[in-house]
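Student: Given the sequences, and given the hints that come with them, work out the whole structure.
If you count the sequence shown from 1, position 47 lands on 46 in numbering that gives the first Met the number 0, and the numbers rise without skipping.
Calculated from the structure, these hints are not laboratory results.
The reader is advised that the hints may include incorrect statements.
[Stated by the list, open to error] Mimicking DSBU-like on lysine-lysine, the simulated pairs with C-alpha atoms at most 35 Å apart in a straight line are:
1) LYS64 / LYS7
2) LYS20 / LYS7
3) LYS20 / LYS35
4) LYS64 / LYS20
5) LYS7 / LYS35
6) LYS23 / LYS7
7) LYS35 / LYS23
8) LYS35 / LYS64
9) LYS64 / LYS23
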Amino acid sequence: MKVKDLEKLIGQVIEIIYEDKSGKITQRSVEVHGIKGDLLRATCLTTGGPRVFRTGSILAWRRAKARHAG
0 MKVKDLEKLI GQVIEIIYED KSGKITQRSV EVHGIKGDLL RATCLTTGGP RVFRTGSILA
60 WRRAKARHAG
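Tutor: Here it is as structure tokens:
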């Protein structure tokens with residue numbers, strides 16, 4: 000994952016496929032707050048908590064689809 004591709008997404012919600020250090024793969028929606036080095040700082044919208052993701056472990060990402068009430 001190229002950091003410069005993610006920098007333009009600061010403040011936006013994206014969906015990621017992520018592989019953690021134990022090899023577990025998860026999909027989650029996150030709100031991107033910042034990038035520092037190879038770390039992406041975000042709020043996980045699944046748990047509501049702050050998270051830090053290694054950009055090299057993000058296998059895929061896309062902008063989250065807008066959700067409409069009603």
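Student: Going through the numbered hints above, which ones does this structure break? Give me the numbers in ascending order.
Tutor: none
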